[in-house]
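Novice: Residue-level listing of the chains:
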Amino acid sequence: MTATDLGLPSLRGTEGVPVLNEGEKLTGKDFSSDQEVRWCPGCGDYAVLKAVQGFLPDLGLRRENIVFVSGIGCSSRFPYYLDTYGMHSIHGRAPSIATGLATSREDLSVWVVTGDGDALSIGGNHLIHALRRNVNMTILLFNNRIYGLTKGQYSPTSEAGKITKSTPMGSVDHPFNPVSLALGAEASFVARTIDSDRKHLTSVLAAAAAHRGTSLVEIYQNCPIFNDGAFDAIKDRDTKEHAIIPLEHGQPIVFGGGTKGLVRAAHGGVEVAEIGDADGQVSLEQVIVHDAHQQDPTLAFAISRLTDAGYLNRSPIGIFRQVERPTYDDQARGQVDSARKAAPGEQSDRLAALIGGGDTWTVV
Amino acid sequence: MSKQVKQLDRVVIRFAGDSGDGMQLTGDRFTQESASFGNDLVTLPNFPAEIRAPQGTIPGVSSFQVHFADHDILTPGDAPDVLVAMNPAALKANLGDMPKGATIIVDTHDFTGRNLTKAGYESNPLEALDAEDGGDQGPLAGYSVHPVDLTGMTVEAVKEFGLSRKDAARAKNMFALGLLSWLYGRPIAPTEQFLHRRFARVADIRDANLTALKAGWNFGETTETFVVQYEVKPAPMAAGTYRNITGNLALAYGLVAAGVQSDLPVFLGSYPITPASDILHELSKHKAFGVTTFQAEDEIAGIGSAIGAAYGGALGVTTTSGPGIALKSEAIGLAVMTELPLLVIDVQRGGPSTGLPTKTEQADLLQAMFGRNGEAPVPIVAPQSPGDCFSAALEAARIAVTYRTPVMLLSDGYLANGSEPWHVPEVADLPKIDANFATAPAEGEEFLPYSRDPESLARPWAPPGTAGLEHRIGGLEKADGSGNISYDSANHDKMTRLRQAKVDRIAESLPPLEVDDPTGDARVLVLGWGSTYGPIGAAVRRVRNEGGKAAQVHLRHLNPFPKDLGEILKRYDKVLIPEMNLGQLSMLIRAKYLVDAVGFNQVRGLPLKAAELAEAITGLVEQIEKEDAR
Chain A
1 MTATDLGLPS LRGTEGVPVL NEGEKLTGKD FSSDQEVRWC PGCGDYAVLK
51 AVQGFLPDLG LRRENIVFVS GIGCSSRFPY YLDTYGMHSI HGRAPSIATG
101 LATSREDLSV WVVTGDGDAL SIGGNHLIHA LRRNVNMTIL LFNNRIYGLT
151 KGQYSPTSEA GKITKSTPMG SVDHPFNPVS LALGAEASFV ARTIDSDRKH
201 LTSVLAAAAA HRGTSLVEIY QNCPIFNDGA FDAIKDRDTK EHAIIPLEHG
251 QPIVFGGGTK GLVRAAHGGV EVAEIGDADG QVSLEQVIVH DAHQQDPTLA
301 FAISRLTDAG YLNRSPIGIF RQVERPTYDD QARGQVDSAR KAAPGEQSDR
351 LAALIGGGDT WTVV
Chain B
1001 MSKQVKQLDR VVIRFAGDSG DGMQLTGDRF TQESASFGND LVTLPNFPAE
1051 IRAPQGTIPG VSSFQVHFAD HDILTPGDAP DVLVAMNPAA LKANLGDMPK
1101 GATIIVDTHD FTGRNLTKAG YESNPLEALD AEDGGDQGPL AGYSVHPVDL
1151 TGMTVEAVKE FGLSRKDAAR AKNMFALGLL SWLYGRPIAP TEQFLHRRFA
1201 RVADIRDANL TALKAGWNFG ETTETFVVQY EVKPAPMAAG TYRNITGNLA
1251 LAYGLVAAGV QSDLPVFLGS YPITPASDIL HELSKHKAFG VTTFQAEDEI
1301 AGIGSAIGAA YGGALGVTTT SGPGIALKSE AIGLAVMTEL PLLVIDVQRG
1351 GPSTGLPTKT EQADLLQAMF GRNGEAPVPI VAPQSPGDCF SAALEAARIA
1401 VTYRTPVMLL SDGYLANGSE PWHVPEVADL PKIDANFATA PAEGEEFLPY
1451 SRDPESLARP WAPPGTAGLE HRIGGLEKAD GSGNISYDSA NHDKMTRLRQ
1501 AKVDRIAESL PPLEVDDPTG DARVLVLGWG STYGPIGAAV RRVRNEGGKA
1551 AQVHLRHLNP FPKDLGEILK RYDKVLIPEM NLGQLSMLIR AKYLVDAVGF
1601 NQVRGLPLKA AELAEAITGL VEQIEKEDAR
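Heads up: the sequence lines are chains A and B, in that order.
Take the first sequence: its letters are residues 1 to 364, numbered as in my numbering.
Take the second sequence: its letters are residues 1001 to 1630, numbered as in my numbering.
Please keep in mind that the hints were generated in silico from the structure rather than gathered at the bench.
Computed from a predicted structure; not experimentally measured.
Among the clues, some could well be false.
Stated by the list, open to error - Cross-link-like lysine to aspartate or glutamate pairs, in silico, EDC-like; alpha carbons within 16 Å at most:
id, chain 1, residue 1, chain 2, residue 2
1, B, 1287, A, 346
2, A, 151, A, 36
3, A, 240, A, 308
4, B, 1285, A, 337
5, B, 1003, B, 1160
6, B, 1549, B, 1521
7, B, 1570, B, 1521
8, B, 1287, A, 228
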């Protein structure tokens, strides 16, 4: 039971996954399957699907080496609509299936599509363990703050007091903040984006895909049927400037048209301050400069706490954390590879030596 | 002093002591000595679920039974001939299993007031033995009791090494082993080599153990307590290389072999659980064979990761016990629906719920058969002895890969921890397993992930990475052929029947059953499965030795049943099905073949006893004869 130096595999990004041949180019159409998309009209999932289909060609990876794994829920139908390899699995278990797949296959780009119920309720355990292990996969967590496929019960991200089919007097459950949870599990890449902002969504997905390790991307996604308007404050042209706290690495965290910024609070956390010269206001220099590459997740966690737990009037959006840490699968494969190298010879000869080893005796 | 040597054909010894006394190790070393001497043997370890239950108490007693003989034997023995009891609790816990006249060697050292009380003795049973002729000799009356201060003599023997009294006393198990080795003429050289290896880095402990071992041997030779030395000659065995092996080790080797024979990397996703964890431990040592072991966050992730690896083209395996199967049920259904090869290994233990974690039982058969939602047929195979776990694993892998299906392998706690001499097979003789991956379709042709091989009804296995085979699978019902989502009622009916037909089709690949009916006119058939093979075989032999006639058939395949089973069952007037459950195979046999099978059922956490079973068989034979006479 002693710790041993594992030696760090040195692969970066999507190394190991075969790329397209010189001159070969794929388009969004190449990634569209022949299956009819069956989400409700106006569902935020359409926008994410379009963005993903549009963005996948930019990865330059071979289509046959991309796999989407999902759980159960509206968003988990995602793999059927992409002409890649895919598995629509069972409720909450996609991260565990993706872990086995990613660990046994270095040459695959593995994606998980999940929702707030799938990832945070029934599959919460698998999610946190995938994040702590840092298995090489990109998790798209569609958060619509409601159970859609089962027709409108509150979810683990629904605000307290929410009236739903299963909570006629209002929910008494305290919600999870997915970004805080992921940072608590020491995820190496944590981001949040919005279904309706294709540009931001695409840029975050690009960074997530390029990250070696588990990337968690929370996507605020509107459910027009059971939770319409849940994200109106951060989508509305008039209010979003004050509702979205944009996170950009190396930039001071300011919002509200430059009137507000994040500063360290006396209690040790982070708070919003007005920028200006008046009493109680702070200067731009005092505003926190976002450092997504900081190994210590404490500040990123503090920033994540500025997300409203109730109706969403304010939320930090962008990449909270992006740090390098050895991945589980690279190390697991590294151990297998080094054991193999240390044991030359035919497999069948070594098998004979193994089963015929130990204290044996011969009867003639 | 030269001692009398007496020949025996078989002996059953039980070593019993506190959980911390090293009884499992002692038994294991005695077994290895007997194995290398050439006896046939069967072992039965029996230990508490607690790692260190309160010292000196009955719940803390750990024991190891070994049965060795000059002929081939099948069971660990119904009742021990010799008990080695290291403390009062070990004596009290095991005395009930000892037939009168048996030999009992007692370490007197712990027979003190406090330890006697802890074991529940009001007075010292050893002192009662000194009663005057005709007086009450207490619970040990009628036994051949040898009270020996094993601990005291051990401490005395190793004092030159300057160990603490506690460390010195810990070598008492080696003293006991040395004594028993002398008593039964076992070679101690293998144990000496073992101690050199085991304690290579702690010279004083190594030397103390070696010294205690020899001191125990020498004590036997010189003392007048033991006047007779016993000899059990080697058993005749078929030519070849042998080793002593436990079921869990054989199973792990079988999985490594399945990887080699199929040319597939093995991926084990597992969560630790008694009594299956040793398979995880063992496989984690064999990365050089391309074996990846993943200790998952829970049982579900164990099977989930194995399904993911199987989708990726590995030989996916998950290992667990009954409670773990309950948690994996939904995922097994996913593997049924996605038709991916997967090995699900259930090392059964006493249930329900947490049940008896360290004891054996066969009560997961119906869970394996039916424990899923919907019509979800899963092939089931079961090994019949510890060494047989090796070939059972290979057979499970053959079925899983050939038919693209999850396969349940039902071992149990007795097979897992019990051991027997194993005839090591030649690798060249092992079956090859063909993964037969799908290849890219010809230009203009469409890949149909749910098309089927006409013979096996298996669908193509198409791991990611091949252009042109991109496809989506999942838990929703599949359209026949394309595998697209289908809610069509006729399609669901067809697919449900296809999945069942595919599993039924496995029967075509099974060899005929071996019917053990030497005279060919037995009228009672004893049908079993799994680890009851030994007790059933021994019981049938007893019946035959006493002039009775009984046939034996043992099932390796529980789903589907072999094609000739129905015809065989109908040849006999009575079918007796002994099981360590309340009649699960009986229920399946009755339902499928409309045979009025008679059950012999025990759930005591221990293997069936051959003598009791023989009585039941004889009872049935006599019943038929009586009916004839009428």
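Novice: Hey, residue 1287 (chain B) versus residue 228 (chain A), does the alpha-carbon distance stay inside 16 Å?
Specialist: violated (52 Å)
Novice: Next pair to validate is residue 1285 (chain B) with residue 337 (chain A); report whether the Cα-Cα distance is within 16 Å.
Specialist: holds (13 Å)
Novice: What's the verdict on residue 1570 (chain B) and residue 1521 (chain B), does the C-alpha distance respect the 16 Å limit or exceed it?
Specialist: Cα-Cα ~13 Å, so holds.
Novice: Can the restraint linking residue 240 (chain A) and residue 308 (chain A) be considered satisfied, given a maximum Cα separation of 16 Å?
Specialist: holds (14 Å)
Novice: Compare the distance between the alpha carbons of residue 151 (chain A) and residue 36 (chain A) with 16 Å, and conclude whether the hinted pair is satisfied.
Specialist: Violated, at about 21 Å.
Novice: Given the hint that residue 1003 (chain B) pairs with residue 1160 (chain B), test it: the Cα-Cα distance must not exceed 16 Å.
Specialist: violated (30 Å)
Novice: So if I understand the rule, the pair passes when the alpha-carbon distance is 16 Å or less; does residue 1287 (chain B) with residue 346 (chain A) pass?
Specialist: Given pair residue 1287 (chain B), residue 346 (chain A) holds - Cα atoms ~15 Å apart, limit 16 Å.
Novice: Holds or violated: are the alpha carbons of residue 1549 (chain B) and residue 1521 (chain B) at most 16 Å from each other?
Specialist: holds (8 Å)
Hints 2, 5 and 8 from the earlier list are contradicted by this structure; the remaining hints agree with it.
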